Structures are given as structure tokens and as C-alpha cells.
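Full structure from sequences and hints, please.
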Amino acid sequence: MNTPFEKKVCYTLCVCELTFVLSCVSIFYLTFAIYLPSYRQLNAGFSEQTVMCTTLSNITIENCEVPESPGSKSMVQTWYSCGEWCLSKSQGTCTQIRVDVRKNGTNVILEECDSEMEDVIYCDGVDPKQETKECITGGCSDITGLYNCTMLPVSDGVTETTHGAYCRDVTLVLGCNLTSTDPAVHCKNKKACVHLNGLYLCRKGHCARVRPPFKCERKCTGIQTGGKNIIIRENDVIFSAHCKRAVDMETNEEIWPRDLIGSVNGSDVAEPPLLVMYCTSILNRQMNLSEIHLMDCFNGTLMEPGYFGEITDIIRLVEAHTENERWLDPTKEVAPPEKDLVLLPNAPLYINYEGCVNTLILRECEKFYAHYGVDGSDLRTSKRFPCFYRPNFTADPDAGDAIDQNYVILRLDMEKTHTELVYSAVVPVILAIISCIVLVVCSKIIHVDNESHFYVKAFNKVYKPPIPPPDPKVKI
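Take the sequence shown: its position 371, counted from the start at 1, is 352 in my numbering, and no numbers get skipped.
Calculated directly from the structure, the hints in this document are not laboratory data. Quick caveat, the model's predicted, so the values are computed rather than measured. Every residue gets a Cβ at the ideal spot worked out from N, C-alpha and C, and that includes glycine. Don't take each hint at face value.
Pairs of lysine-lysine residues, derived as PhoX-like cross-links and limited to a Cα-Cα distance of at most 25 Å, are as follows [what the hints assert, rightly or not]:
1. LYS171 / LYS196
2. LYS425 / LYS(-11)
3. LYS348 / LYS364
4. LYS84 / LYS364
5. LYS364 / LYS200
6. LYS185 / LYS171
7. LYS438 / LYS425
8. LYS348 / LYS320
9. LYS438 / LYS(-11)
10. LYS(-12) / LYS442
11. LYS313 / LYS225
12. LYS185 / LYS200
13. LYS169 / LYS185
14. LYS442 / LYS(-11)
15. LYS364 / LYS196
16. LYS438 / LYS172
17. LYS84 / LYS70
18. LYS171 / LYS348
19. LYS445 / LYS425
20. LYS(-12) / LYS348
21. LYS70 / LYS348
22. LYS445 / LYS(-11)
23. LYS425 / LYS348
Estimated spans, in silico, between C-beta atoms of each pair [to be verified]:
24. LEU159 / HIS352: 27 to 33 Å
25. PRO318 / CYS5: 57 to 63 Å
26. VAL408 / SER38: 39 to 45 Å
Structure representation (C-alpha cells):
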């Protein structure tokens, strides 16, 4: 019969052996999952100062294996922007996002703005006040108009599927020359419309997919420009206002109107010229404030006061802004042309340094492609977002042509990487050392007597735990 002391010794030995084995296994696994990737990322030369990326293309290739070089029979794994599991190669298709990398533009403050003159038009149909229809929950059962549908993760509580169609009304912002359509499906049956993906022409819940090729133009009319002296483009959102001045947020210097004088038909007028800029973010629009903060502004141009009259549309506005070469700053230091800011053209975009994540259940890659893969092919403005690049990158001449070496990444947190590396290295090593020490000590001081009972012998002293008498109720 085992004594209580012997049971404690056995439990201790089992726990320590299990801890030692699991620590060694975790060290081996973390070598490939944490240690090596963290070491490579910390020494890759990425700057922690963000730059801006503009999505150029989002393509999916059918085979992830490509020739190592033109004419070569040797096949290698090509790159992809996001993989769902870092310890295995991507199988089947590979999705690749390419971006232009540029320096940040100018941060601007618009001062003394007339809140009653502010106007916002959503030229992509994504008005936050307008509800997006989710077909699996019955939102598409009675829709009428032209709808752009995409597949996204479903709402909480939906059990029929993980992804479903979300449709937004683009009737007012797109003018399309439709050639032909597929047979209509009746969306009163929720499951019939759960997989809608593309452009659909709907009439009271009967939706027919528009077949390519079709030609669409953004019409987005009703942009109020009368009495406005500032027009800001934020992706496909047009913000117009009447303000007294624009100030550089970093230098606090007035950049508009300064001593600029407007002109109408060649004659000087008292009003300042119309300022048109593209900004990545308008922080406090539609808040009826007299001070508006604009982030990352570029392509700042000046036009004659009243150039657009009382009202205009997106096509005329974009054409006029694109063709205008009367820059806000002749030195092109403030809100410069976007092409003058480019650091790295047509670069591959990875979600992180490894180009992969280990969170299958969160579907991070699907969300990444849906959010950052907007390349303008669906008539929306290309996505612009902060990213990280290597300013002092030097290409390896021995590397093959299948993978572009100089890529940019969306996520970079050096402090988090350091912390993860330290914890993942220290915790299993300490546990392994402690368990190993306990096992070694036990092997030195725990002995077995002639009756097969444990006793302790240390420092020339012997401790034999008392053996309890046998239980009379237990039959031997």
C-alpha cells in the first residue's frame, strides 16, 4: 500500500515529467511559429513610421506554384498577401494585392467654417444613414433598383451559413448601360439570394444578375457647390464647405487663401480661389463644427470662384480636379501632387511580415481582402491606408524572379513582437529548467528500501515517513 508521502512523490514526478516534455515540445514548435519569424521581422529593416499605400490591383491566380524564372522548369511557391496558416504552404489559388507606396501628405485644419454651408455627398452609395441589405435575414425580399452585392460574414445569430450577400443600393450613384441579365431569383426565399455576388437589377425582390460586359459610370449628381470655397474628396465622399482659412497642422502656417486672389473670366475678384484637395480622412465632418481636421491631403489645386456653379456631379468634379495644374503651393511642398510623393510603385502588400495568420476561426484573410483589396475595378475609389516599408532595402541578387522581394506590410508592432518573443522564450525555458531540477533532486534524495517504500536521504540524514497500519476493512 502506498503511503501519503509516496503518493505526493509520484504526483510530483509525473507533473514535472509532463511539464518538462510539454516545455520541450513547445520550444520546438515556437521556434518555427515565434522565434524565427520574430527574429527575421526585427532584423528586416521595416520603419515604424507609417507611409500610405494605394491599392492598384487585386488578382487571384489559380496555381500558387510558378516557374522560378522565365523558361525554367523548376517550380517554386509564389507569394500571396494573406495565408490562413503560417506552418503550411497555401494550396490552390493565391490572392495578390499590389499597392503604390507614398509619403504622407499634409495635415490641414479648416478654420472659421460656416456649419450651415457644410454638405456631404456619398458617391459610392455607402451612406451611413442608408441601411445595407442582408439577404439571409430577409433584407432583400422587397428591394427595387440597381444593387451591388458582396459576400461577407453574416450577422450574429445566423446559423444557416457563415457568409452571405450584403447588397447596397447604387441606383443614384451609377449610370449603367446594361446588355443582358441572368434569370431573376426571388429573394422572398432567403436562401435563394444568400449567394448574390456582383451587380443586380432588382424589382420588388426579384433580382437578376447583370451579365458582363456592361459599362457603368458614376453619375452622383447633386453636389452642392454654390457659395462653397472648399471642396474635399475623401475616397468617394465629397465634402464641401465655406471657410475663412486653411492652416498647416504641423507648422501652423496659413496655406489658403494667404494672399491668393481669385479671378473670374480673367478679372480679379475679392473672393479667394476655390480650393480642391484629396484627403484620406476628414475627422469631424457632419458634426457642425467651425473647425474641420483633414488628414493626409494631396493634389491641392486652385480654381476660379464659382467654377462649378450652384451644383455639379462627380464626373465633372473629378475631371476638373485631375486636369487642373494650378497647384495650391507652387513649390509643391503643401498638399503636393500624389505622383511626387511616391516612394515605391507597384509593390506587393502582405498582411504582416510573414504574410499569414494563425487565427483560422476569425477569418482574418477574408476580411483583409474585402477591406484592402478595393482596386477601383468596381467603380469605387482605390483603397488608401497606412502601411510600413523598408526605406533602406537592398535586393538579393541570388533570389529568383517568382517573388518580389521588396514588399510592404499592413501590420507592424515592434514592441508587441519583442514582448511575444520574450514571453514565449522565457516561460517554457523556465518551466523546463524548474521541472528538470526537481527531477534531478528527487533522483538524488529519494530512495527505495527493502520493503519497496520511499524514503529520503540527504546530507547524511535519513527520513522515513511512518507507514500507516493496514485498514482492517480491506481484505488482503
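To see whether the hints hold, each was checked on the structure:
no., hint, verdict
1, LYS171 / LYS196, "30 Å, violated"
2, LYS425 / LYS(-11), "17 Å, holds"
3, LYS348 / LYS364, "14 Å, holds"
4, LYS84 / LYS364, "16 Å, holds"
5, LYS364 / LYS200, "20 Å, holds"
6, LYS185 / LYS171, "14 Å, holds"
7, LYS438 / LYS425, "8 Å, holds"
8, LYS348 / LYS320, "29 Å, violated"
9, LYS438 / LYS(-11), "17 Å, holds"
10, LYS(-12) / LYS442, "22 Å, holds"
11, LYS313 / LYS225, "22 Å, holds"
12, LYS185 / LYS200, "24 Å, holds"
13, LYS169 / LYS185, "9 Å, holds"
14, LYS442 / LYS(-11), "20 Å, holds"
15, LYS364 / LYS196, "22 Å, holds"
16, LYS438 / LYS172, "75 Å, violated"
17, LYS84 / LYS70, "33 Å, violated"
18, LYS171 / LYS348, "23 Å, holds"
19, LYS445 / LYS425, "15 Å, holds"
20, LYS(-12) / LYS348, "53 Å, violated"
21, LYS70 / LYS348, "20 Å, holds"
22, LYS445 / LYS(-11), "14 Å, holds"
23, LYS425 / LYS348, "57 Å, violated"
24, LEU159 / HIS352: 27 to 33 Å, "28 Å, holds"
25, PRO318 / CYS5: 57 to 63 Å, "58 Å, holds"
26, VAL408 / SER38: 39 to 45 Å, "43 Å, holds"
Taken one by one, the earlier hints fail for this structure at numbers 1, 8, 16, 17, 20, 23, listed in ascending order.
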